[in-house]
Amino acid sequence: AQKVTQAQTEISVVEKEDVTLDCVYETRDTTYYLFWYKQPPSGELVFLIRRNSFDEQNEISGRYSWNFQKSTSSFNFTITASQVVDSAVYFCALRGNSGGSNYKLTFGKGTLLTVNP
Amino acid sequence: DVKVTQSSRYLVKRTGEKVFLECVQDMDHENMFWYRQDPGLGLRLIYFSYDVKMKEKGDIPEGYSVSREKKERFSLILESASTNQTSMYLCASSFLSGNFGNTIYFGEGSWLTVV
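Residue numbers (the working numbering), protein chains in the order written: chain A, 4 to 120; chain B, 8 to 122.
Just chain A, with the same shape it has in the complex (with noise of 0.2 Å):
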């Protein structure tokens, strides 16, 4: 079975902090992605990053960056001087390769950003 972990429900910050989000996976699947979604007040989820388990480079855009280490089944996300706008709850999800995990998303519960001016 495959299982995403946010262990932080909420985090608040004063703006032009850097803030880093936790996620942490498990899953038997040899072969996965890992990613990123948003979803400010509005309702949608914003995809944000896409990433597969054969690929650890980390990357980075804009004030975004992503931290993928295999060997601690951890997938982070920081943000960079953070600003007002960045305030949402912040999903990291999974998807597998076999069986009945190869087309669905299995979610973390979601970390609340909380930016304050």
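No lab work stands behind these hints: they were computed from the structure.
A virtual CB, placed ideally from N, CA and C, is assigned to each residue, including glycine.
Each hint should be verified, as a subset may be incorrect.
Residues of chain A placed beyond 12 Å of chain B at every Cβ, according to the derived structure [as the list claims (entries may be wrong)]:
1. 17
2. 20
3. 64
Derived SDA-like pairs (lysine to any residue); straight-line CA-CA distance at most 20 Å [stated by the list, open to error]:
4. A:41 x B:45
5. A:41 x B:27
6. B:10 x A:51
7. B:10 x A:45
8. A:6 x B:110
9. B:60 x B:95
10. A:112 x B:47
11. A:112 x B:46
12. A:112 x B:95
13. B:10 x A:47
14. A:41 x B:115
Starting from the known structure of chain A, fit chain B onto it as the hints suggest.
Just chain B, lined up with the frame of chain A:
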């Protein structure tokens, strides 16, 4: 840009009513999904479809059915709405073949209240 459109953002229905939630995607995706999101429970898959007229149960299909008559449209049906189906419903879509890691794109969500 991928567009997944859910027909209703906010609905209030009475217990026992039949409820239709409609979803349309414009990217010719084979896969379409219905998720339910509840506080503390996260997102849970209700049903998904990988082709027209094809459907598979997800993790929580009880009390729901689906219909996929056209590739771009996937409907979620609550045959007899109950108060425990008050929730946020999210439709999603993705490509099917080849790369199983294809990204799943979501709609804006439909907030359903059953009274």
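Here is how each hint holds up against the structure:
1. 17: Given that every Cβ of chain B is farther than 12 Å from that of residue 17 (chain A), nearest at about 26 Å, it holds.
2. 20: The claim holds: residue 20 (chain A) sits with its nearest Cβ about 26 Å from chain B, beyond 12 Å.
3. 64: 15 Å, holds
4. A:41 x B:45: 16 Å, holds
5. A:41 x B:27: 27 Å, violated
6. B:10 x A:51: Roughly 15 Å between the alpha carbons, so the hint for residue 10 (chain B) and residue 51 (chain A) holds.
7. B:10 x A:45: 16 Å, holds
8. A:6 x B:110: OK: residue 6 (chain A) and residue 110 (chain B) at ~18 Å, within 20 Å.
9. B:60 x B:95: 25 Å, violated
10. A:112 x B:47: 7 Å, holds
11. A:112 x B:46: 9 Å, holds
12. A:112 x B:95: It holds: about 15 Å lies between the C-alpha atoms, which stays within 20 Å.
13. B:10 x A:47: Judged against 20 Å, a Cα distance of about 11 Å means the pair holds.
14. A:41 x B:115: 12 Å, holds
Figure legend: structure checked against the earlier numbered hints; hints not met, in rising order: 5, 9.
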